[in-house]
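The listed protein sequences derive, respectively, from chains R and P. Residues 1 to 252 (this note's numbering) are what the first sequence spells out, left to right. Residues 1001 to 1482 (this note's numbering) are what the second sequence spells out, left to right.
It is worth saying that the hints were derived from the structure and are not from the lab. Glycine is no exception: its CB is placed at the ideal position from the N, C-alpha and C atoms. No incorrect hints appear here.
Calculated cross-link-like contacts (lysine-lysine; reagent style PhoX-like; alpha-carbon spacing at most 25 Å):
1. P:K1378 <-> P:K1266
2. P:K1426 <-> R:K151
3. R:K108 <-> P:K1471
4. P:K1347 <-> P:K1460
5. P:K1091 <-> P:K1108
6. P:K1347 <-> P:K1378
7. P:K1266 <-> P:K1142
8. R:K136 <-> P:K1460
9. P:K1107 <-> P:K1018
Selected chain P positions facing chain R (in silico; Cβ < 8 Å):
10. D1430
11. I1440
12. S1441
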Amino acid sequence: MLSIQNLKVAIEGKVILKSISLEVRPGEIHAIMGPNGSGKSTLAAVLAGRSYPQILEGTVTWFGRNLLEIPPEERSREGIFLGFQYPIEIPGVSMVNFMKTAVNEHRKYKGLEPLSASDFLKLMREKKELVEIDSKLANRSVNEGFSGGEKKKNEIFQMAMLEPKLAILDETDSGLDIDALRIVANGVNKLKRPDNSVIVITHYQRLLDYIIPDFVHVLYDGRIVKSAGKELALELEEKGYEWIKKEVNNQA
Amino acid sequence: MAKEQDKILNDVASGEYKYGFYTDIETEKIPRGLSEDIIKLISSKKGEPDWLLEFRLKAFRHWQTMKMPRWANLKIPEINYQDIVYYAAPKQRKTAESIDDIDPELKKTFDKLGIPLEEQKHLTGVAVDAVMDSVSVKTTFKETLAEAGVIFCSFSEAVREYPELVKRYMGSVVPYTDNFFAALNSAVFSDGSFCYIPKGVRCPMELSTYFRINASNTGQFERTLLVADEESYVSYLEGCTAPMRDENQLHAAVVEIIAENNAEVKYSTVQNWYPGDKEGKGGIFNFVTKRGLCRGENSKISWTQVETGSAITWKYPSCILRGDNSVGEFYSVAVTNHYQQADTGTKMIHIGKNTRSTIVSKGISAGFGQNSYRGLVKVLKKAANARNFSQCDSLLLGDKCGAHTFPYIEVDNPTAIVEHEATTSKIGEDQIFYCNQRGISREDAVGLIVNGYAREVLNKLPMEFAVEAQKLLQISLEGSVG
Chain R
1 MLSIQNLKVA IEGKVILKSI SLEVRPGEIH AIMGPNGSGK STLAAVLAGR SYPQILEGTV
61 TWFGRNLLEI PPEERSREGI FLGFQYPIEI PGVSMVNFMK TAVNEHRKYK GLEPLSASDF
121 LKLMREKKEL VEIDSKLANR SVNEGFSGGE KKKNEIFQMA MLEPKLAILD ETDSGLDIDA
181 LRIVANGVNK LKRPDNSVIV ITHYQRLLDY IIPDFVHVLY DGRIVKSAGK ELALELEEKG
241 YEWIKKEVNN QA
Chain P
1001 MAKEQDKILN DVASGEYKYG FYTDIETEKI PRGLSEDIIK LISSKKGEPD WLLEFRLKAF
1061 RHWQTMKMPR WANLKIPEIN YQDIVYYAAP KQRKTAESID DIDPELKKTF DKLGIPLEEQ
1121 KHLTGVAVDA VMDSVSVKTT FKETLAEAGV IFCSFSEAVR EYPELVKRYM GSVVPYTDNF
1181 FAALNSAVFS DGSFCYIPKG VRCPMELSTY FRINASNTGQ FERTLLVADE ESYVSYLEGC
1241 TAPMRDENQL HAAVVEIIAE NNAEVKYSTV QNWYPGDKEG KGGIFNFVTK RGLCRGENSK
1301 ISWTQVETGS AITWKYPSCI LRGDNSVGEF YSVAVTNHYQ QADTGTKMIH IGKNTRSTIV
1361 SKGISAGFGQ NSYRGLVKVL KKAANARNFS QCDSLLLGDK CGAHTFPYIE VDNPTAIVEH
1421 EATTSKIGED QIFYCNQRGI SREDAVGLIV NGYAREVLNK LPMEFAVEAQ KLLQISLEGS
1481 VG
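Starting from the given sequences, assemble the full structure and let the hints guide the process.
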């Protein structure tokens, strides 16, 4: 479904991603790990359609379509979801209103009628339980005054509402205590279906105790320097990133 | 709700000022210019009593000694007061007793504006006085209101039917000497609404006045007088629109409110006069004096305004808190897009003991718009334990617009507590992207964010108008981002 070929990306003139290639097929869970500054979040930003990364080379296709030409709101409606590392606050806009707008935009894109108010509230109730989120959240403004853990749970809640084909979770585990981490991971696992895929971007292995990846990729200095199965994550946890860095530097 | 949203989308996509049409109707106009003869002519057209003509002439003579105020943070072009038509009336049979007496063109006009004059078609629970140019066309639900003892009619009718009430209250809150535009209005005002809520009556429906400027080269100078007697309550709303024209047209109104003991008045405005085009050509000059007097103890006056229209806005709806324990409130959202300018705010004058006031002002500037908040909180010597809380927020869309705040605080009583908070913010790219990433387009994201920003004020509007105001905010900011 997602195919990245030789992607080269710069931010403000500085090359961040040097050459990335990655295939994600329906149903797969990919983990992208790497030290700080390796380009993990830049990759997420490119896939979600932020305007500041400059694409220098390479292609990204989504079900055969050139993804890079699709505006960000359409990518969302197409089923690409980004769980933000730092969810944004929107004062005065209630979660209900925000999600209703989003869900109905998605439905419109699919040629479906908008949900009635009662159906929508029912859907919200269902999904809230899934991520064990406080039911008062619905009436609060988007992310305003949320704790770090609430913000991340709220991202998974939105993911549950929008049922994406591909969820990109950008350091969703950062800043979470162990209970929140488990709730977030459980939410992701419960939402997993045979045909939808997840890219988990993380610095640490611990999230991968709960979300078991099919593939682990190590991103270092703008390239994927190693890809393997879930055992790679454990190895990284044990040895740190230093051995990878050495290995790469020796090759060069 | 979904249909509603589609409609909003369409409105945004088309993005034009929706009310810019002109009704081709035979209009009776008097010659241009301003003189004692013109004022006598207006007065005689309206068949007014001598005392009112005297009032007008005194105001006119005083006006001639005054100069247009220049202290506001506004660039106002020279206005030639001799080039304005001060009275224009759509021709129709004298008084429209039944709906069939009204010119079908007029009916169509108000239908198009969403203000049907037939009572059965109307939003239940809202009585309307419809004013076109210089005259009131029709007031709905008069009989229903009369049963409750509420008087709601055009100002001209009030002068004829209730001269004692008009005489007693007119000019008691805004005297003709008050300021340049109030003096001008007092000299040439043509119509407007009058409302009296008797003792102990809770007005059974929302009252509203809809002002429409139609004729060219004319100004609109209406007066609204609202009296809430002891223990009464009324909620009143005004709306306004005008055709798109290259010329600037002057609107200089006066609104006076009196609240007696334990009375409460809620006054809401959705101001959508033609704002001029994208290059700043045309549009209404909206120079308005609005003031409420909390005369009685425990009385309350609350102003809520959503200002999206007009090329230039100059208005400061104010409260004089004379009665002990009286309460004044001012909630405002003012939008300036393209080349619009607004200098707006309020005055809270604390005279009585334990008086309280709240000010919440939300300015939104886009394009080349300039938005100024100007407010005075004054606590007089005897106003023990006066409380004020002011919050002035500015939101900037783009980098060519401006937001300014001019708060004045004068406190003469040591027991007073006055608080002022102010913020300035920009709509962040991050906020818009966050919405995009959930499938919401840029235009809709701006609408959501702006409405969220203004929510505290929009929540104060009567339900039926809150939806309208939300749409209006979104439409008036169309094309202002990215």
